[in-house]
Structure formats: structure tokens, C-alpha cells
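Student: One-letter residues, chain by chain:
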Amino acid sequence: MKELVANYKRHKMIYWLTLPVILYFIVFSYLPMAGLVMAFQDFSPRKGFLGSEWVGLTNFVEFFTSSNFIRVTKNTLALSLLDLLFGFPAPIILALLLNEIKGRLFKRTVQTVSYLPYFLSTAIICGLIIDFTGSSGPLTTAIAPLLGKSGNLLGMPEMFRPLFVSTNIWQMVGYNSIIYLAALSRVDTDQYEAARIDGAGYWKQCLHVTIPGISSTIIIMLILNMGHLLTVNFEKVLLLYNSAIYETADVISTYIYRQGILNHDYGYSTAVGLFNSVIGMLLIITANYISRKYSETRLF
Amino acid sequence: MMSMLITAVLATGCSTGSGDQPAPSNGSSTTPTVNNGDPAKLRRLVPEGETATLKVWRPTHTSIGTIIEKWNDTLFNKWMEEQTGVKIEWVTPVSGTEADNLAMIVSSGEYPDLFFDAGGVYPTGAYGLLKDGVVINVADYLDRLPNFKKQLEKSELRRIESYSDNKELAAFYRYSANDELATTWYGILMRKDLLDKVNKEVPQTYDEWHDVLTAFKNAGVEKPFLLNSTGFPKLNVFTGGLGFGYMNYGGGTVPFYQVDGKVRYAPLEDGFKSYLMMMNKWYAEGLIDSDFLSLNSLSAEFAAYGDVQSGSMVAPLSVAKVVKQLNPDAGLEFVAVPHPVVNKGDKIHIGGSPTTTVSAGMQISAKTKKLDLALQWADLYYSEDVIQAGNFGPDPSYYEQDAAGNIHFNDNVFANKDGFAIVDMMTTIADYPVITVNDRDINDELLLKQGQMYDEQNDHAYTISSKLTMTDEESKVYNSIMTDIIDYVEEMQVKYILGIESFDNYDAFVQHIKDKRIAEAMAVYQTALDRYNAR
Chain A
1 MKELVANYKR HKMIYWLTLP VILYFIVFSY LPMAGLVMAF QDFSPRKGFL
51 GSEWVGLTNF VEFFTSSNFI RVTKNTLALS LLDLLFGFPA PIILALLLNE
101 IKGRLFKRTV QTVSYLPYFL STAIICGLII DFTGSSGPLT TAIAPLLGKS
151 GNLLGMPEMF RPLFVSTNIW QMVGYNSIIY LAALSRVDTD QYEAARIDGA
201 GYWKQCLHVT IPGISSTIII MLILNMGHLL TVNFEKVLLL YNSAIYETAD
251 VISTYIYRQG ILNHDYGYST AVGLFNSVIG MLLIITANYI SRKYSETRLF
Chain B
1001 MMSMLITAVL ATGCSTGSGD QPAPSNGSST TPTVNNGDPA KLRRLVPEGE
1051 TATLKVWRPT HTSIGTIIEK WNDTLFNKWM EEQTGVKIEW VTPVSGTEAD
1101 NLAMIVSSGE YPDLFFDAGG VYPTGAYGLL KDGVVINVAD YLDRLPNFKK
1151 QLEKSELRRI ESYSDNKELA AFYRYSANDE LATTWYGILM RKDLLDKVNK
1201 EVPQTYDEWH DVLTAFKNAG VEKPFLLNST GFPKLNVFTG GLGFGYMNYG
1251 GGTVPFYQVD GKVRYAPLED GFKSYLMMMN KWYAEGLIDS DFLSLNSLSA
1301 EFAAYGDVQS GSMVAPLSVA KVVKQLNPDA GLEFVAVPHP VVNKGDKIHI
1351 GGSPTTTVSA GMQISAKTKK LDLALQWADL YYSEDVIQAG NFGPDPSYYE
1401 QDAAGNIHFN DNVFANKDGF AIVDMMTTIA DYPVITVNDR DINDELLLKQ
1451 GQMYDEQNDH AYTISSKLTM TDEESKVYNS IMTDIIDYVE EMQVKYILGI
1501 ESFDNYDAFV QHIKDKRIAE AMAVYQTALD RYNAR
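So the protein lines, in turn, are chains A and B.
For the first sequence, this note's numbering gives the first residue as 1, with consecutive numbering after it.
For the second sequence, this note's numbering gives the first residue as 1001, with consecutive numbering after it.
Chain B extracted, bound-state conformation (with noise of 0.2 Å):
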């Protein structure tokens, strides 16, 4: 009796296992398309009085469950299926759990017909979905997807930056329109009020960055300078005027930075120790923040952005206006600063957001039984009429058109009046551009302004393309060494700022590193970027 019950167990739960059984379909041939009229304009993929479904896998967004309720409901999609008439069936896992679903999709061998976004998720990136077998390699049907092939094929940058080492394109791949950076938003924060308060001007140097916190704690400010729990400020920034690039935390994870194609690794180098020593000795006077060893969440380093005794922060630019409206009385205003040189005049090579105007974004399902059908509709996306929908949405009521042909969002958006988030509001009206035009989002000059001063300032030259890719070896070998090394040089930096590790033992910690053969992990990586270079 007992075995009978646990069979019926075991039964049923092995049985959850095969899930929904897609409806069988030989191939594309049964799908109806529409084929009348130019193939690359929007028009309907699907015969009157027919439905066409496509699953799609998406990351969620904060604008779901505050504003609407699933993806179907932003102005873009409901404007997308009228216009094509194929019906999206939206996999949206739980916010958090998106690596998680996506590894359990991919291991279950069911897929759905496209991903969206997958890219950022996935270990290997999006390039590792198509080594994997898990999506198309979309070079292949290139000639089935002229508004796509026109938009790749229009810069040389786009080019290099969507195919692979082996020509191969994992996705189809979002551009930013004219390939232009959209204006960083990260940057360096200085509290106005307290600077009038001890009479000193912006500082530029990092000598004069010293004598304005020294000033700052004289005055009684607790927090002259926020830190980072790892010791370095996020995305670059800040450091860039000693010449390295390093972990890029907030950012992706590349170690890594290169000089004229030569891979370095910061540590290594000068830059490293002196900055080290100068935060050691700013630690040591108590110009930064005492506590910057729990600042390790979101919540904490925010918490601490509003905090009255915190004098300067490396933070999104936006923080100044939000962190004033929550705090109305406290009388605190901002500055951006530029980033700190050690001589006036010097430009920075790396640091700041976003360093990409490519990314990947739709890729198709290796197994998927609509190709046809996923491949045109994916197409239609590059076409004019859905770019244009897909930057500022398909309802006239929320945009301007100015003389110049320029579109911009109005205050619906801006100033809607449900107190609605602007990202929030603005996915909710356009929510896939696959060519971007940039800093559609954003309506503050101040913002433009503080931004584009950042990017004067910087040339990006040390940057390293995230679309560099590794081989399998390659990539055994770099984790097996990276992982060791890069725990080991988080825990010492901190302990050198800290004061806890004397800069007596630096070439002893230099060496140390070595012996765990950087070398070769930095000379796997020069291959991959040597390859990269010869796109």
C-alpha cells in the first residue's frame, strides 16, 4: 500500500517535468504569412481572421505591476499586434530570479520561440547562447532581413561590434542611432552648500580634491568623501586620472584595460599603488567615510547618497535632484565635479556609462517551429515606422515633433500626472527600440550638461569592448586564474586603504600575484582581443 502511494508520488512528480507540449507543426509551411507588398515595411504577417502566437522570454521591468499588468499592455505591443497581427505569449520570470529561469529554460530543452535581453543574463552572454545551441546564428538568413541588414551594414563600428570572431551574429543587435554614446550619468557629486561653507572652489586635481575634504572635515563634516565598499568608486570613475582602468564594479566585470591593443591589469601598474596609498592616507586623516566597509547594497550607498554629514559621492547624476526632493529642508545642494587629474589639463581614457552603443537584444530559438514567422517579425522592428513607434511609442499625445524633424517626449511623460516614474512611464509607451535615440529619457539640461562635461573629458581609449569573445579553452583557462586572483586583490586592496596591510609588503604582494600566473590569463586575453582587432 505504502509503495503504491509512493509510486503515485514519484509518478506525478516526475511528470511536471514535460510541461506544455508545443502544438505540433511541420516548419514554417503551415504558418500564414502575408507576403503582398514590400517585405521590408510594417504590414500584417498574419491573414485576416488568423492568429499567430509567438512566445517570447523577457526580463520583467518595474513598470509591470506598478503601471500594467504584463507586457501586452504597453502602447508599443498592443500597436505591434494590431499592425502584424501575431498575438505574443510573454515568459516573464519573477524580478531576481532571471538567471535562474533562464539557466532551468535552457537546461529543460524547451525553449520559447524568441528571448529578449536574454544576453545579460546568461554566464557566457549572448554570444554563449549561440555556442550553446540554444539560438540561431541570424548571419545565416541575412537575406530574408533587409531592414535589419540595412541598419547593421550602415557603420563600420556596427559591423565590428555585432559579428563574432567566426562572422557569425548571435542577435539581433540594438544600436544606438548615429552610433553616438548616449551622455554618461554617472558622476562625481559634491555637496554645493558645504563647499560655499568653507570658500573653496570645484577642485580638479586630485592635490586640491585633498585640501577640500581636509577643509570639508575642519568644518565638521563627518563623511567628506563616500567610498565604496571595495574601495573603488563604481564604473571607473574617479580613478581614471591615474591612468588605469580596473573591475569597472556597477559595470561589467573586466579586469582588465588596454593601452594602444596591449591588455594591462591595474594592480600591476603604478596607478594602482598610488591610489591606494592616497586612499590609505585620506583614510587615515578621516576623509572618508569610516563605515564605506558596509556600504555593500543599493540601499545602504542610497541611504547614505541623502545623509546630511556625507560631503561628496560618486554616484548617478540624478541622485542630486532625487536625493533634494526627499530632503526639502535639510538645504543640501549639488555640484558635479569633473573627474579629478593629477595634472590640470589631463584627459581621462576610461570611466563613466555607458561605453557600448551596441547591444545584444532579440535572438531566436534554435528549436523554434516559426522561424519564418520570427524572423520577419523580428525584421519589422529595423523597419522606419516601428523604430519611431519604438523610441517614443505609437500615440501622437505624448510626443512633439520640433521644425527640425526632432522628436521629443512632452510633458505627459515628464511631468505626468500620476507622479509615475519617467522610465516607468516611458516603457510603458515604447518599450523596445532596437535603434535607440539616445537620452530620450531624460529632459533636465542640468542633467545633459553635468553629463556631457564627463564626456569631454574622457576619450574612452582604454576601454575594452565587451564583444570580445573567448574560445572554450580560453575561457577554462582565464576563470581558473582570474577567480583566485581577483578574490585575492579585492581582499588586499581594502586592507591597504584600511591600514592594516603595510605598503612595506607591496612588492611582495605585486610578486604574489604574479605567482598565480597573471601572465598567462593577461596573454589568453591578448589573443581574444588581438581577434576582436582583426574584425
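Extracted from the complex, chain A is given alone in its bound form (with noise of 0.2 Å):
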């Protein structure tokens, strides 16, 4: 306490900068939490929270054993799984391939460029999608060769994950290689010209001396991802998908907004957003605990 009040008196004005987005998590955040409790009861808007049936587990237990349940948790689990696997890597070698690059006008169009889809909200996006894979779209045509078939390209099962994953890398690769860029410009260069001196190439000087110098920030960036391991891009994945496809594109929050147009079961859906919440809070958890044991970065 007495650290804190002496930390307050040196630091006054950083305390009163993050007081108003202290407030903003309590009241957003935090105290909607109280809301939780729908998931343990048959809630129903007219008897409110209090006037609700009280059944515990129920709710999930119906999660897990409905049919479905092991498909959609395969999906959704899928899907993040690439996303990680390329999406990840994509913005860190954009950000280092930028960061080669001599002429100036040259590395600000690229990167303008590629920021660009960002800013696309995902409707326009979606819309985009589906008309370059309809039946004769420009997409299906390019690739009709190398796949050996044609047709809407949303029709094939198949062709679902990698469409959503490489549109995810296409919209977000610009965007986040920002944070990359900013951790490259702060490496010391002369650990460079040390590393020269020494006799290492591009690569080397790439593999000792740039990459370590990033990778607080990749590893971050990696447990701050991990906890958005089950939740997938509702929006793209129900605009996109169709029921031909289901078989890898259903995933669990789109099987849930299915299952509650009928029963406007509030307390169902609330109890899945939790089982959700629990599973990133535990890997971030498991993730941060790795990354503290075997290097020298943390998260909390």
C-alpha cells in the first residue's frame, strides 16, 4: 500500500490517464460479468435473473452431448489452428521484408496497400468472397486448373478452410505487421555491424540478430492469440458459410446462433460463451506460464 502511494506521487498524471479506461473495464467488462449466472438457469427475460429456474450444469451438459458437438469443436478448432499456423508467421516475414526494403516511396505504397483491406468491414469483405468464388467468378477460373474442378467455390467443403484462412491472411497481414515493424526499428544496430564483423550474411544476420531482437514481441503477440484459440470470426464464418458445407464450416458460435432461433435460449447460448471465455483464459494461462519458464518473457 505504502509502495503504491509513493509510486502514485511520483507517476500522479499516468494514474489519471488510465483512470478513465480503468472505469471503462470495470463498467464494460467486469460488472457484466454478473451476467454469467444465465448460464446456470433456464433464463427467461420475462422472469429475469432472479425469477429464472436455477439448473446448474444443465445447459452444458446439453452442449456436450448435443450431435453435433464434436463436429463444430473440430471446426472451430481447425480453423484457428491455420489461422495461427499461417496467419501468424505472415505479418512477422511482411514486417521483416518491408524492413529490407531502401526506397522509401516504394516501402510506404506496399505498406498503404496493404493495410488497405483492413479498414473493409467484414460484410464488404464477405460479399467480396462470394462473388469471386461463384460459378464463374475470377477466383474459381484461376484456380479450376490447378484443382481440376469447377463450381462455386463455397459449394465444396474442401475448399472452405483455405479460402477463410488465406481472405483472413489477405485483410489482417498489413494491419499486424505493424507492431512488427515498430519492435524491428527499436533492434540495436549495432548488433548488426557486430554480426557483420563477424562474418554473417543476410540470413544469418536475419536468423542471430533480428529475429531475438523481436521476439518479446512475437511471443506476446503469440499468448495474447492463443486466447482466441475457440473463438472464431462469427461474422465472416456465418456470411460465408452455407449448409452444403457445414461439415467444416459450422462452427460453434454458428451452431449455437442456429440452435437459439427456435428456442431463444438465452441461458444455452450464455452458458457456451463461457465455456468459450474458461477454455482462452486457460490457455493464456498455460501459454504465459510456458513462455515465463523458458525465456525471459512474460505477460503477467
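Warning: the hint list may mix true and false statements.
[As the list claims (entries may be wrong)] Think about it this way: if two alpha-carbon atoms lie no more than 27 Å apart in a straight line, the pair counts; the simulated BS3-like pairs of lysine-lysine are: (1) B:Lys1281 - B:Lys1197; (2) B:Lys1367 - A:Lys47; (3) A:Lys47 - B:Lys1055; (4) B:Lys1217 - B:Lys1321; (5) A:Lys74 - B:Lys1516; (6) B:Lys1192 - B:Lys1281; (7) B:Lys1055 - B:Lys1041; (8) B:Lys1347 - B:Lys1192; (9) B:Lys1449 - B:Lys1234; (10) B:Lys1347 - B:Lys1273; (11) A:Lys149 - B:Lys1217; (12) B:Lys1476 - B:Lys1262; (13) B:Lys1131 - A:Lys47; (14) A:Lys47 - B:Lys1369; (15) A:Lys149 - B:Lys1281; (16) B:Lys1200 - B:Lys1324; (17) B:Lys1347 - B:Lys1262; (18) B:Lys1476 - B:Lys1516; (19) B:Lys1449 - B:Lys1167; (20) B:Lys1449 - B:Lys1347; (21) A:Lys236 - B:Lys1234; (22) B:Lys1197 - A:Lys47; (23) B:Lys1369 - B:Lys1131; (24) B:Lys1273 - A:Lys47.
Just so you know, these hints were derived from the structure itself, not from any lab.
The structure presented is a predicted model; accordingly, all values stated were derived computationally and were not measured.
Each chain sits in its own coordinate frame; assemble them with the hints.
Tutor: Shown next, in the form of C-alpha cells:
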């Protein structure tokens, strides 16, 4: 307590600056957590929190034993892991490449062009995708010789995951590379000199100076991404999927969405949301623990 | 210091929930009413010089924000306020948020005095609002409602459709004049110019359809037949000839149909399989739009309707005119095609729109402090003067009366100089008829004739009334079983059409549905249907 007061006296302005942010999280993130009680109730908006029947873990059991539980969980994990596997290194590679470009005009142009898709809304992106993958769409005709078949790409279950992940990368790679570019600019140029004097070529420099230099940023970003493993971009899946490709495209959030239409089961949806959050939290804690043990970087 | 700030924020956050407290008044005794003269006639409900206000919840309309600012501005509402002296405060949620808004109001416990058309928005319908204690049982007050009582008791049909199994009335129901169904506005449109090009007649049977579509394809049309993203046309149009009723996409979501009072589920019947096999064949031959999976929104559908490459579609009949107006140079001509049947001369037993002449209208809140006023005001809607004004508006410059006494809107509405949509124009004049004169919004002879063609083929014998109600236990069983089954069938039906799933496994598919306890859900539904039939 004494330390806190002393710290406050020294950094008064910082505390005051953070105050609105803290209040925001308390009011919009922590207080609403009280609503999680819905997950354990047979909630009816008419009866409210105090009047709805308490059912304990029934909602969770109903979810785990539902006929499509395995399929949707598998799809959710598959999409997230693929996104992590391909979508996580992409911005790093882009940042490394951009870092090497000497021509400022070219570098600026590439950066701007790569950031732009991020600012398009999901609905626009999905509209573009649906158009491009139609049976006579440009993407379909371009890929047809590689695939050996033509037709609406979004009607083929095996195409969904590649389409989803590659369009994610296209949309996010520019924006996500910003943080890595910032980290790259902080790597000590003296280290590069020292490496060159030791005879390191370009590739060795990259491996032994650049990447270790931004490793702390990479690890933090990785830990943060682990928390999202079970939440796939609901809007995008919803806009792109159709009943023909449920076996690869149906994820937990879209399945619950469909279940909810007939039932208006708020308790059920909250239970599944709670399940997602708990798993995400466990993943972050585990990732942080591993990182703490084996490197110097940690989130908390 | 921080904790004080937090408490202050919490306090503000909590107090916004209490909202506006209604002015305290003890029941109907303090609400001034005027009771001289015939209680059934249109009259002032409030003494001169005084005002009374009723708060009414009502979904919005496309005419609000375009032609008028709020519901108070319609000619009908202005006239009602003048005539009765009752001011209305409309609670109008933003379009698209009606369901959430209503849910919030219901859960907050603070209700307006009346609800208009809440039954279509509330998950369990108008009757659900009664069961949940949100609205009153109108049957308890029927003696105070001479006009409504008269209209309600005019026909057996109105009685059956309005009363619940327990003889309750959840709402002031709206009826169609003479209990006639409005002319169907949904049908099958085919490109006349393409038909002429391939020199074919309008197809009557499914086999003839196949020939015509093949001819279209050979003539270079890319999408001879537009199909819905679910694989089934909306409102059971087109499939009726195969003898089953299914999900009624675009309408309600009753997955069952009935034959002679017995509930049936289409996927268990042969007609369903023959439909899927036919669609599968057509898709493999390229007769169906190969991108039909992405037609899962209204805007996508409308874009496809106007596509020069679309040969035939299941759509609102008015689309023909609209598409022609939007593409004047494309040379598009449409003709309405009858329901296809297996053998010439067969009748259709389900499909099209609308299928009911009775719909839930006004409901009075169970917590209103102005019950007497609300009852009288709602009853006035059913008086003769108000019925006419509700259909055609209080301003005679918008309608004409012919020798037989029939009234029709005139060109001030239909060809209005501001170019507003007819429906919008109509709503700003006469927005809430409780006894609706059918087809008052159509002046297109062709549309009427086309609609009648469908109605002549169709006897609606397989339709199950939307007024069928289930008890809470029945609903629980039904929902828990059917959500899963409906989801499963919807997935499989598209796969069968696309050919991803082979018909060799069809029996396993049917068995799977049975394993998911469809029989229990159908039994529960049958009990509800039997109760309905006993009304």
C-alpha cells in the first residue's frame, strides 16, 4: 500500500490518464460478468435474473451431448489452428521484408496498400469473396486448372478452410505487421554491425540478430492470440457458410446461433460463451507459464 | 477518491433502469370519459378541454422517415385523435430491433398501455404474451366491447381462429372482410421472351418444366431456374404438386402439414424424395442456377430476379413489373406460370400467401392504469366509421365510391405525383384497418388475375393454422427435438440436391430422423392439432 501511494505521488499524471480506461473495463467488462449467472439458469427475459429457474450445469451438458458438438468443436479448432499456423507468421515475414526495402516511396506504397483491406468491414469482404468464388467468378476460373474442377467454390466443403484462412491473411497481414515493424526499428543497429564483422551473411543476421531482437514482441502476440483459439470470426463464417459445407464450416458460434433461432435459449448461449471464455483463459495462462519458464518474456 | 468515483458511476448506471415512472393514477375512475350516446358509435372519449394519453408500442414502417415523421402524422391517426380526444404516444423501435426492444420492455416490467402487432415479433406469438402475463385476456371484457364482439361473432371461422383452446382471447384480432383470403401475391414467374425464343408453351407439369428448362439451357440461358439457398422455394410454392407441405420458408416456420387432421412431416414421405431427386437431376444437367447457395439474402435474390440470365423464378408477382421498370432496355417480359403438377388437372393443397384471414392486432397491457379508456378506444376501431377510415382514410380526395357502394383508392394513391410506393402512400392515409378490405392496395388487373390463377388451383387443405397453440410442456418437448431435426434435414437436403450425398443412403437419412425422436414431436403436435380442431 505504501509503495502504491509513493508510486502514485511520483507518477500522478499516469494514474489519472489510466483512470478512464480502468473505469471503462470495470463498467463494460467486469460488471456485466454478473450476467454470467444466466449460463446456470433456464433464463427467461420475462422472469429476469432473480426469477429464472436454476438448472446448474444442465446447459453445459446439453451442449456437450448435442449431436454436432464434436464436429463444430473440431471445425472451430481447425480454423483457429490453421489461422495461427499460417496467419501468425505472415505479418512477421511481411515486416521483415518491408524492413529491408530501401526505397522509401515503394515501401510506403506497399505498406498503405497492404493496410487497406483491414479497414473494409467483414460484410464487404464476404461480399467480395462470394462474388469471386461464384461458379463463373475470377478466383474460381483462376484456380480451376489447379483443382481439376469448377463450380461454386463455397459449395465445396474442402475449399472452405483454405478460403477462410487465406482471405484472413489478405485482410490482416498489413495491419498486423505494424507492431512488428515498430519492434524491428528498436533492434540495436550496433548488433548488426557486430554480426557483419563476425562474417554473418544476410540470412545469418536475420536469424541471429533480427528475430531474437523482436522475440519478446512475437511471444507476447502469440500468447494473446492463444486466448482467441476458440473464438473464430463469427460474422465471417456466418456470411460465408451454407448448409452444403457445414461439415467444415460450422463452428461453435454459428451452431449455437442456429440452435437459438427456434428456442430463444439465452441460458444455453451464455453457457457456451462461458465455456469458450474459460478455455481461452486456461490457454493464455498455460502459454504465459510456458513462456515464463523458457524465455524472459511474460505477459503477466 | 477512486472508490467515490466508481460508486458515482455505478449509481448513474443503476438509476437509468428505472426510467420514466407513469403518472400515478388510481384506475379508471380518474380517467375522464364521456358516456353520452351509443357506446358503439365513434365519439369523443374525453370531455372537451381535457386530454388523455395512451402509450402504444408499435413496429415502424417504411413510410416513416420517408413520407411522414412518426405514426401521429398519418391521416387516420390524426383523425382518430380529433374524433376521440385521446392523444397517442407511440413507442416505435428502430426497424430491425423490434424483437430485442419488445424483449427488453417485457423483462423490464414497465409496459405501455397497448401493443400493436406484437404477436409477430414475440417469440411465442400473441398468445405467448397472454400466457406470460403481459397482456389481458380480452374475453373477460367482451361485454364492454360491443363493436368488437359483433365482428368476432360474425362467423365460425373468426371464432375458431381467435379463441385459444382455453377460450381466451389474446388480442383484438384483425379480420378480412367477408373472411376471404387476399389474392396470392407470390407465384412462379417465367421469362416470356425466352419462352417465345425457344418456341415453347407455358409448362403445366414437372416433365414439361424439364423440357422448357432444357430448351432454355440450350438457347444459352445460364440460369434457367432460380432456386432458394435452402433448396426449396419460399412459401411452399412450386413443390405443392408433389403432395407435401414443408418448411414454408419466407412465411412461418411450421415444418409439418396435415392430411385429414393427421400431422405429417415431409422428409418422411415419398414426395420429398421425388422432389430432391428431381432437383438433383436438374442441377446435374445445369438447369438450376449453380450459385443458388449464395442467394441467402433478400438483396441477393432481388439482384438475381433482374438478371438477364435468369429464366424462371419463384417470386412475388409484382417483381415482374419492377424488374421491367428497372431494366427497360433488356427486353425482359414475364408471365406467371401455374403451379406445376404431376398429372395435368391435379390440384394443389398447400402453398402461396397468405393463408390466414385472422391475425393478432391490438393487445392491451395487463399493467395499464387506463384500462377503461384503452378498452373503449380499441373497441372504436371496430365501429363502422372507423373501419372505413381505417381502410381508405378519412379524406375523400383519395378514394372513389362506385354505384355498388364499393370503395377503391384513386390515382392520388396509385399514381401519386411524388412517386412514393403505393404501400407507403396507403399507410400514411389509412394505416390500421381492423377489418381489412382485401386487395385494396392492388390496382393492377394483371396481378389480380395472376393471383387468382394460383388460388383456383389451390384448396389450402394441407395447411395447418398458425393459431394452433401448444402448452408449455408440449413446447419444451417440441423445441428440444425439432431444432436438431430441422437443422439436420436442412443440411442434408442441400447435399442431396448438389449430389454430394448419394441417394443410396436415403433410407439411412430417414432412419436417422426417426432415431432423433421425430415421432414424439409429431405426437405432441398432433395433440395440439386435435385441440385446435375441437374448438
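Student: A separate judgement is required for each hint: does it hold in the structure or not?
Tutor: Now the hints, each set against the structure:
no.: 1; hint: B:Lys1281 - B:Lys1197; verdict: holds, 24 Å
no.: 2; hint: B:Lys1367 - A:Lys47; verdict: holds, 16 Å
no.: 3; hint: A:Lys47 - B:Lys1055; verdict: holds, 23 Å
no.: 4; hint: B:Lys1217 - B:Lys1321; verdict: holds, 24 Å
no.: 5; hint: A:Lys74 - B:Lys1516; verdict: holds, 22 Å
no.: 6; hint: B:Lys1192 - B:Lys1281; verdict: holds, 24 Å
no.: 7; hint: B:Lys1055 - B:Lys1041; verdict: holds, 23 Å
no.: 8; hint: B:Lys1347 - B:Lys1192; verdict: holds, 24 Å
no.: 9; hint: B:Lys1449 - B:Lys1234; verdict: holds, 21 Å
no.: 10; hint: B:Lys1347 - B:Lys1273; verdict: holds, 20 Å
no.: 11; hint: A:Lys149 - B:Lys1217; verdict: holds, 21 Å
no.: 12; hint: B:Lys1476 - B:Lys1262; verdict: holds, 21 Å
no.: 13; hint: B:Lys1131 - A:Lys47; verdict: holds, 13 Å
no.: 14; hint: A:Lys47 - B:Lys1369; verdict: holds, 22 Å
no.: 15; hint: A:Lys149 - B:Lys1281; verdict: holds, 19 Å
no.: 16; hint: B:Lys1200 - B:Lys1324; verdict: holds, 22 Å
no.: 17; hint: B:Lys1347 - B:Lys1262; verdict: holds, 19 Å
no.: 18; hint: B:Lys1476 - B:Lys1516; verdict: holds, 15 Å
no.: 19; hint: B:Lys1449 - B:Lys1167; verdict: violated, 39 Å
no.: 20; hint: B:Lys1449 - B:Lys1347; verdict: holds, 18 Å
no.: 21; hint: A:Lys236 - B:Lys1234; verdict: holds, 26 Å
no.: 22; hint: B:Lys1197 - A:Lys47; verdict: violated, 63 Å
no.: 23; hint: B:Lys1369 - B:Lys1131; verdict: holds, 20 Å
no.: 24; hint: B:Lys1273 - A:Lys47; verdict: violated, 44 Å
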